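Spelled out from the first residue to the last, the chains are:
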Amino acid sequence: MFESLSKRLGDVFDRLRKRGALTEADVDAVLREVRVALLEADVALEVVKDFVAQVKLAAIGQEVIRSVTPGQMVVKIVHDQLVATLGASTSEINLRATPPVPILMVGLQGSGKTTTTAKLAKRLTERDKKKVLMASLDTRRPAAQEQLAVLGTQVSVATLPIIAGQQPVEIARRAIEVGAKEGYDVVLLDTAGRLAIDEELMAEAAAVRAAVNPAETLLVADAMTGQDAVNLARAFHEKIGVTGIVLTRVDGDARGGAALSMRAVTGQPIKFIGIGEKLDAIDVFHPDRIAGRILGMGDIVGLVEKAAETVEREEAEKLARKVQKGEFDFEDMASQLKQLRKMGGLSSMMGMLPGIGKMQKQISEAKIDDKVVRRQEAIISSMTPKERRYPKLLNARRKQRIAAGSGTSVEEINKLIKQFMEMGRMVKQVSKLGQKGLARAGMASLFRR
Amino acid sequence: MSWFKKLKDGLSKSSGRLVDGIARALGSGKLDAATIQEIEDALIGADLGPAVAARLAGGLKQKKFPDGVSGDAVRAALADDVAALLAPVAKSFAPDPAKQPHVVLVVGVNGSGKTTTIGKLAHRLTRENPALKLLLVAGDTFRAAAVSQLRIWGERTGAPVIAGADGADAAGLAFDALSRAKAEGLDLVLIDTAGRLHNKADLMAELAKIVRVLKRLDPGAPHDVLLVLDATTGQNAIAQVETFKSMVAVSGLVLTKLDGSARGGVLVALSEKFGLPVVAVGVGEGQEDLQPFAPHDFARGLLGLDS
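These protein sequences, in sequence, are chains A and B.
Per our numbering, the very first residue in the first sequence carries number 1; after that it's consecutive.
Per our numbering, the very first residue in the second sequence carries number 1; after that it's consecutive.
Just so you know, the hints here were simulated from the structure itself, not pulled from any lab data.
A quick note: this is a predicted structure, and the numbers were derived from the prediction, not measured.
In this text, a Cβ means the ideal position worked out from N, Cα and C, and glycines have one as well.
Fair warning: there could be bad hints in the mix.
Once the Cα atoms are required to be at most 25 Å apart in a straight line, the calculated SDA-like pairs of lysine to any residue come out as [to be verified]: (1) Lys99(B) / His223(B); (2) Lys371(A) / Phe142(B); (3) Lys209(B) / Lys181(A).
Partner residues aside, some chain A positions facing chain B, computed with beta carbon under 10 Å [what the hints assert, rightly or not]: (4) Glu46; (5) Thr139; (6) Ala149; (7) Gln154; (8) Ala158; (9) Pro161; (10) Ala229; (11) Asn231; (12) Ala235; (13) Pro385; (14) Lys415; (15) Ile417.
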């Protein structure tokens, strides 16, 4: 989501890199650009002003160390300030209360509360081994309670039976009673979307909060939110009391300045981010990584961690050995492609890498998407085991057979073979260069056709 | 409550800050560079974006204020400029009886208010013309209970709703709906779609498929593609319009949730860049809360002035 901001700041810093010394005029020029970049990224004006002032304070009087460029110095100062504003560390959900632990979800209409509730329920059930009950207090939007019930079935989490005509506070109380009686660890309470200026509905949410005393009251907000982020965050915090923020649609391309704004005005941490439509597409928020992403350094840590979660270590080591011996074959490529998909597909992975803006353009030009990966898998599975091991066997007749078998074309098979050879070459290079080299060469070079 | 009152009440909560900002900026009683900068900031705070805000604020220098530079005078001048920018895009939506049926595809990112907008639009059109034969198509086959949500709107307005199974192919459903509408001689078909982020190429391709399939039955369909935008959205709205427009021929915008504290100022930037008609604004969750877009009122409301 922060790509565009990265790019903007990237341009500024590029300009700075080309100069020698860091003068005060330079700092001012940079900060002007930073200011516009942040505003275009929808960071609220008051937050931008504070931020810029603090960066300036930190930057002036800083000795430029000989070994780094002035640009790098400013990058570091801006980065540190971003991290400080976003929150110094990851913040986990607070479940320290007597079970059933109530968690209240609030937010504007359409911010993604119900989907987030289901995602959180799934995460708590599967990762934290909690017994979770969900209840919808949304008596306003047509079919809202039904929506949560359907999602409950999808993620195999219990939902409170719907009693028509019951009011939100009553439903909340009943959910806690049922939760206590039936031995639930956590009760997630999804509320109706409400406008921050709707006094009546804000009072209703406050009444629910008072009735159940939740361990967490999470404000669910859209990453695309504009300047209004400060108003809504402030209003929800003052009137209901917020203990954390969930930022949704981070998989969009919004610059996400709302994250900075809401964090700054509420002082409450961003606890989770929504990163896709699938019900497991929720992650904890890492301020340092996002700050790195803002500055165009890419979320390498995130990528490596995600890879580590997915890729079996032994298999990776086996692959490295094979590559070194020059034994990389189509079987290996197929398992690579499979892992690529397991990691959430190319598009989600690309989002974590540096210089993404430019690369995404390349990718869309090359039409490399998840569908292509799937077709390539089909091609490989239409090969005989022998062909997979000895790609040189692939003559015109064999290619025709594979094309027919996989529903593709000989042309596509040729492309795959070319990519296979490049991949082998690239993997060899990478193992020589190490992690650092990969980052520099860019993941894109692996997928170029 | 009149829609302007509703709109103004909503806008005034936030335009209060804009009023304060401009009043503060004019503390010195002069339009100097620092003052213009502060007015520019206040406009940015209304989501107009840095570029548009800079130009509008800069334009004040050329203006004459015979009665002195007061906060009200400056805001009135800015409101005139905004209204002038928006005037060409105000167009209301009405089904064209020559098209049998008039097919409208409603698109947008998740949570922008597509289904609610369709419900309200159906209500307004049937109230205006009780003889209108319309069909609502529950094309959001992805979100849980989206079909039920539209069905309830169908019951409220008396319009039939056609739906497939959950997870069914939306393009196939659209095809069936249009076939049925043609066979039954209906006037209007409103097609709901699943919310999709504009940067997801595969989901956007699905949308293009719906259009392709509709064209097989009627080369002119869809006659309108309405993009629903949330007024709370910031500068990303520009990317949304750009991408949706490139995938399906967007013919109009609907700005929703204008009854909140967000001012929808991004609409000014959008109008300037794309010039797409704004066919309606959403000012609440009730059936009546969809209104034609009135640029003068919107601009005055945005700047915290009475209409």
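For each hint, the structure was consulted:
1. Lys99(B) / His223(B): holds, 8 Å
2. Lys371(A) / Phe142(B): Roughly 19 Å separates the two Cα atoms, so the pair holds.
3. Lys209(B) / Lys181(A): violated, 50 Å
4. Glu46: holds, 8 Å
5. Thr139: Cβ of threonine 139(A) sits 12 Å from chain B, so the hint is violated.
6. Ala149: Hint holds; alanine 149(A) Cβ to chain B Cβ min 8 Å, cut 10 Å.
7. Gln154: At about 7 Å, which falls below the 10 Å cut-off, the nearest Cβ of chain B leaves the hint on glutamine 154(A) intact, so it holds.
8. Ala158: At about 16 Å, which exceeds the 10 Å cut-off, the nearest Cβ of chain B leaves the hint on alanine 158(A) violated.
9. Pro161: Result: violated, 16 Å to nearest chain B Cβ.
10. Ala229: holds, 8 Å
11. Asn231: holds, 5 Å
12. Ala235: holds, 7 Å
13. Pro385: Violated, about 32 Å.
14. Lys415: Interface hint status for lysine 415(A): violated (19 Å vs cutoff 10 Å).
15. Ile417: violated, 25 Å
Violated hints for the displayed structure, listed by number in ascending order: 3, 5, 8, 9, 13, 14 and 15.
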